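S.K.: Here the protein sequences line up with chains A and B, keeping their order. With the first letter of the first sequence counted as 1, position 129 gets the number 131 in the working numbering; the numbers rise by one all the way through. With the first letter of the second sequence counted as 1, position 102 gets the number 107 in the working numbering; the numbers rise by one all the way through.
By construction, these hints were calculated from the structure, which means they are not laboratory data. Keep in mind the model is a prediction, meaning the values are calculated, not measured. Glycine included, C-beta positions come from ideal geometry on N, C-alpha and C.
Selected chain B positions facing chain A (in silico; Cβ < 7 Å):
#1 19
#2 22
#3 59
#4 60
#5 62
#6 63
#7 150
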Amino acid sequence: MSKEKQDISRRQFLSYSIMGVGGFMAAVTVMPMLRMAIDPVLQAEASGDFIATNVKVDEITSEPQRVDFNFEQKDGWYESTVTQTAWVYKDENGEIVALSPICKHLGCTVSWNSSDSHPNQFFCPCHKGVYEKDGTNVPGTPPRGPLDRYQYQINDGVLYLSRRASEVGGE
Amino acid sequence: MRWIAKDSSIFFREKDYVDTILIPLIPITFKEDGTEAANASEFIELVSQFIENQFKGRILLLPPFTYFRSTEEELIGLNQYWVKHIESGYFKHIIFISSDPIWQKIISNRYEVIWLPSIPLEHMNETNKMKVISNQAEQVINIIIHYWQEKERENSLQKK
Chain A
3 MSKEKQDISR RQFLSYSIMG VGGFMAAVTV MPMLRMAIDP VLQAEASGDF
53 IATNVKVDEI TSEPQRVDFN FEQKDGWYES TVTQTAWVYK DENGEIVALS
103 PICKHLGCTV SWNSSDSHPN QFFCPCHKGV YEKDGTNVPG TPPRGPLDRY
153 QYQINDGVLY LSRRASEVGG E
Chain B
6 MRWIAKDSSI FFREKDYVDT ILIPLIPITF KEDGTEAANA SEFIELVSQF
56 IENQFKGRIL LLPPFTYFRS TEEELIGLNQ YWVKHIESGY FKHIIFISSD
106 PIWQKIISNR YEVIWLPSIP LEHMNETNKM KVISNQAEQV INIIIHYWQE
156 KERENSLQKK
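Generate coordinates for the entire structure from the input sequences, incorporating the hints supplied.
M.R.: Listed below in structure tokens is the structure:
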């Protein structure tokens, strides 16, 4: 009776179980790598919500103005208030542009019209990086790319900005 | 940049650009003026973090130089020990920041010491605290920008 039911040989059973265990072990090592690879996708979703600023849309002019906005962030058990800054203006088509002040060179903070030698440009006091009004880096200065931009939304005439700025062009 | 794992790798890669080191001088004492010292410590740490955030790419903010309030000789010795090692790290500018007037008296003839009167933070809520800190830090930021410009002018004059 037992002989007829034995359609898996001992050898087969062993090789199946080795394959099973091996597959499981492979999965254990590969999964974190996969997760890391697709992590940016997951994060983009999590930070997709917008934060209200204290700026009304009709207050925005063609001159970049500094806008600070806050939100709560949780790092492990530690909750902190993050303050983000954006330089906001309306371009010639009336479109709102919200630029990040973080220099693309090494991360200092740039500001608009702050240097006498670079009027109507964004200037970085650390290594003299210069950006045009639309955030394009001026060639010959240290930055290697244009300033990041925040995404925006308008609700009830109030400007809402994304938590993080993202790269222009997205290379 | 701060002295943390993530920033340190950028620091060692971009060392030529990070030419300034900022050192908060933080007092500790367990005598009756301890509360005042603790307040000064919090204040100076917050201000220096704000400055680091603005000048991330050029300033390395060191972990604070903490000292017990004591005699001038002892403090000078302790300070010399730090400075000796920092100078061997090829930093062009060494800036100290403190709300203890003693440092201006004993080391400002050799190094840049920014003195800030500390503001009592104990009863402030977070929003007010951040406002006060950023106001103070903005002033220090201007001092540092001027200091850099001044040094550059001196250097270009020397080259000529």
